[in-house]
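Given chain A's structure and the hints, the job is docking chains B and C onto it.
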Amino acid sequence: MVFIFNTNIPDSRIVKTALQGFYGIGPNIAHRLCAKLSIHDTARFTQLSTAKVTNLNAELTKMAPVIEMDLRRKLQDDIKRLRDIGSYRGRRHAQSLPVRGQRTRSQIQNARKFNRVDRYA
Amino acid sequence: MPPRLPLTAVSSPLLRPILPVPRRLFSITSTLLAGPPKAKAAEGAKKQSYGKKKNTKDESRKGAYAIGERRGIRTRIVLSNTNAQPLDTPPLTPDLSNITEAAGNLFAFPEEEVDKLRTLRAFFRTQDWRLFARPSSVLRRQAMEIGSTMDSFDPVTRRIILDGYKGSGKSVMLLQLMTWALQKGWIVINIPNAQELVIGHTDYEFDPASGKWTHPSYTSHMLTQRIAKVNATALANLSLTTTVKLGRNEYAAGTPLLTAVSSAGRDFAAATDTLRFLLSELQNNPETPKVLFAVENFNLFQIPTVYRDPDFKIIHPHDFALPSLFNELLRGERKFHNGGLVMGVTSRTIAPRAEAFELFLRGEEIGPYSKADRRIHEGLRGAEVMEMSGMDGEEAASLLEYCRDTGLLKVDEVEEGLIREKLLLSSGLPKEIVKSCVRIARC
Amino acid sequence: MPPPRSLLLLRSQCLRPAPIRAPLLSLRPFSDKSAPPQRPSENTPYPPHVSEEAAATAKFTGSTPPEIDQGTPVEEVLKRDPEAQKSAPQVLKKDLPGSKRSYSTMPPKGPGGYYEGQNEGYPEGYSEGYPEEHHMEANPVDNVEVHAGIPHGAKYPLPDLPLPPTARLKKRYPPIVEQFTNMIMKEGKKARAQSVMNEILALLRTKPVPQLNPLIPIIPSAPPAASLPGDPVAFLQTAIDSVAPLVKIISQKASGGFRDQVPMPLGLRARRRTAIVWIIQAADKRKAKQGLAERLADEILAVMEGRSKAWDQRMQVHRTGTAGRANVKVRM
Chain A
1 MVFIFNTNIP DSRIVKTALQ GFYGIGPNIA HRLCAKLSIH DTARFTQLST AKVTNLNAEL
61 TKMAPVIEMD LRRKLQDDIK RLRDIGSYRG RRHAQSLPVR GQRTRSQIQN ARKFNRVDRY
121 A
Chain B
1 MPPRLPLTAV SSPLLRPILP VPRRLFSITS TLLAGPPKAK AAEGAKKQSY GKKKNTKDES
61 RKGAYAIGER RGIRTRIVLS NTNAQPLDTP PLTPDLSNIT EAAGNLFAFP EEEVDKLRTL
121 RAFFRTQDWR LFARPSSVLR RQAMEIGSTM DSFDPVTRRI ILDGYKGSGK SVMLLQLMTW
181 ALQKGWIVIN IPNAQELVIG HTDYEFDPAS GKWTHPSYTS HMLTQRIAKV NATALANLSL
241 TTTVKLGRNE YAAGTPLLTA VSSAGRDFAA ATDTLRFLLS ELQNNPETPK VLFAVENFNL
301 FQIPTVYRDP DFKIIHPHDF ALPSLFNELL RGERKFHNGG LVMGVTSRTI APRAEAFELF
361 LRGEEIGPYS KADRRIHEGL RGAEVMEMSG MDGEEAASLL EYCRDTGLLK VDEVEEGLIR
421 EKLLLSSGLP KEIVKSCVRI ARC
Chain C
1 MPPPRSLLLL RSQCLRPAPI RAPLLSLRPF SDKSAPPQRP SENTPYPPHV SEEAAATAKF
61 TGSTPPEIDQ GTPVEEVLKR DPEAQKSAPQ VLKKDLPGSK RSYSTMPPKG PGGYYEGQNE
121 GYPEGYSEGY PEEHHMEANP VDNVEVHAGI PHGAKYPLPD LPLPPTARLK KRYPPIVEQF
181 TNMIMKEGKK ARAQSVMNEI LALLRTKPVP QLNPLIPIIP SAPPAASLPG DPVAFLQTAI
241 DSVAPLVKII SQKASGGFRD QVPMPLGLRA RRRTAIVWII QAADKRKAKQ GLAERLADEI
301 LAVMEGRSKA WDQRMQVHRT GTAGRANVKV RM
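Protein chains in written order, with the UniProt record's numbering: chain A, 1 to 121; chain B, 1 to 443; chain C, 1 to 332.
Just chain A, same shape as in the assembly (with noise of 0.2 Å):
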């Protein structure tokens, strides 16, 4: 196991694909955080040198504001937002429905589950 960002994780995956599992941070952004720290790409934690784990918590700390609870915030904060000011969007957000001008006759089932104000991902 390997402790990172408040998160532990397998010492056998990849380090690439393991990055993957933050909120926020997507194929691109792994790829570039692997490539700042010189990571290969089928490297996996146990290979990595303790110096590296500890870089590449740092540069997890370092992206804090854009990732994982902060980036869940950012996103809830924005919606609240929008319902406080109290315009179209925020409003179809606490009704659960469709934000963008879409029809709601039939498969609204998404925005059922995820369009609500207090939106956890």
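No lab work stands behind these hints, which were simulated from the structure alone.
Cβ coordinates follow ideal geometry from the N, Cα and C atoms, glycine included.
Heads up, a few of these hints could be off.
Said to hold, decoys possible - Taking lysine-lysine pairs in the DSS-like style, the calculated list, with each CA pair at most 25 Å apart, reads:
#, chain 1, residue 1, chain 2, residue 2
1, A, 62, B, 166
2, B, 166, A, 36
3, C, 309, C, 186
4, B, 166, B, 435
As the list claims (entries may be wrong) - Here are some chain A residues the structure puts well away from chain B; computed CB gaps all over 10 Å:
#, residue
5, 79
6, 91
7, 103
8, 117
Okay, now just chains B and C, sitting in the frame of chain A:
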């Protein structure tokens, strides 16, 4: 993707330091070959349960592959066949390189050298060794041409890029040259597949001192597992000309080179410096024997790597230490004190090749408006290009007779017509000739 | 050696013997269907043949009897009978002495006076340098002896006819290999199946000599086990043909709502097909940590050594077949 470990099999993070001490490894393969990490839950750690369901899938996982098992199966090389007729093939001896009559005849690789060649990873799975009783090969005229210059007292390093179609016998010829080199007491260095260094499957690091990128674990593995093992005698006889500090240790002048290579090479961080030091010793020490340095799939050193620098720019292959050291040798900037052979082997078929490299092989210059990579072209300047041609009738006859004696080819007599037919159908490529004997016969 | 070309010019129908007709009597000598056919016995009196009758008459009268053994050729009859000559058909009239053909049977003259091919055997410049009277008389086409080996102008001799079945590209591989390849093919990827097949055969070369189990019936025509790794196609064929079942079991409606298990004999291809299916299934169940080719090669070896699950399936089918052989209905 490796099988995900059951959660219960891993110890609690509380029982271990938060940042684990990383295991130092020699290669990308050893983690895989080491087998699965041992479950530590059994050692008395408190069993944790996550959620309601117990993970009962452990038993069904038995049939799955262990880590590294598949690679083991995939890379296993079989060099003999008990069903094949054992033959009295004369062994490949060093004096054959000067006997012109030997060309076009069949010779077996001696047992002793076979072990060393295995260590060097010079045999390939794609070669049809498993069909024959023991590894043997036909001595080609190109091998004779290079072999005849191997004994010259003139300390000249021959610098060759060997080009040829797939299955034309380039790697087998390299095997023959390596065998001769080993028999003559040369130092043999081999990079069995250049692809391993550019496709991002091994770790890389920037070395600010030399301004080059390095492959720490690969270089370390190469030094300790291949160079030190195969050339143990030759390296033990050489002593250091200067005192040198490699990694944390200092090696005084007069220490056997083998000690420096095998102990300093173990340290990842010092591995590239050690290799560089080894090459400079081979250049400066007058006692040094001749050296053979070969790279297979050399064309892979000419295409952009998949490695990225911190600015996310693609790293040029010549910015890596290993390829650039080899290129210095090819260009003649770096020499061996008593000469030797530097050889890059490149395939002409189904291989990624850079335009600049193509032009270089054809002996052409890059045009003023061309976008071809000038660095590649410049990096190889001075190397001799040799082409591996198809077999001639005599060589093909030897090969076909070998197939017949082994029991692959069901004919009584290898006749002129048969040889011509096989040569025509295979374009003279020995791999295809053997294939045509093995392939399903017409009913 | 092929026959001379002049014979080949004849259409094959001309050479075929005419079908022998049964005597008219045996076809429908009776009108009643139920009555048994009456075979003509030895003693049935028949009127003799016209020639025989004439010969018998000639015996009494002392005149020349007609040839009974070989018959009289029409030409002979025409020769001695001027009346018949008059009423003879046109075709026969042409052959009579004194009559003339309306066309020439002589070959047309080429630039050298002959067919180019007929200068063979004569010195060069024959047609120009030699005087006209030395020319041999041209043979009629029918009598020309065409050289049996290589025809003029051709590079290779004519093939021996009929062509062997292997001369066609479709029959390139041994049938068993072709069938096995097709059965390991998935999604129509034949090239891939073929490469797996090649790998299987190459692996069979490296397998140990199969240790035959005396309880397992290997087909009697199989080559000795020691020679099998050297001949992988024979290896494959022996394994498949040995484990192939003789019958298949079909379920047939019987009286009282029952279903009978009835054995049905299988042809060669179908037998092999069943065996291959079993072998592939057994190989897949093995869960060996190998590739497809390796697994199948191992299974084929297992079949030879009697370790394969395919043998159980074969015995099961044969047992059911033996038990159900009373159910076989033979329509008489």
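Going down the list of hints, with the structure as the test:
With a C-alpha separation of about 50 Å, the suggested pairing of residue 62/A with residue 166/B is violated against the 25 Å cut-off. Only pairs whose Cα atoms come within 25 Å are accepted, and residue 166/B paired with residue 36/A is rejected, the gap being roughly 38 Å. Restraint check for residue 309/C and residue 186/C: the C-alpha separation of about 23 Å stays at or below 25 Å, so the hint holds. Proposed proximity of residue 166/B and residue 435/B is supported: the alpha carbons are some 13 Å apart, at most 25 Å.
The beta carbon of residue 79/A sits about 30 Å from the closest Cβ of chain B, which is more than 10 Å, so the claim that it is off the interface holds. Every CB of chain B lies more than 10 Å from the CB of residue 91/A, the least distance being 38 Å, so the non-interface label holds. Its beta-carbon lying about 39 Å from the closest one in chain B, residue 103/A satisfies the requirement of being farther than 10 Å from that chain. No Cβ of chain B comes within 10 Å of the Cβ of residue 117/A; the nearest lies about 29 Å off, and the non-interface call holds.
In summary, the numbered hints that this structure violates are 1, 2.
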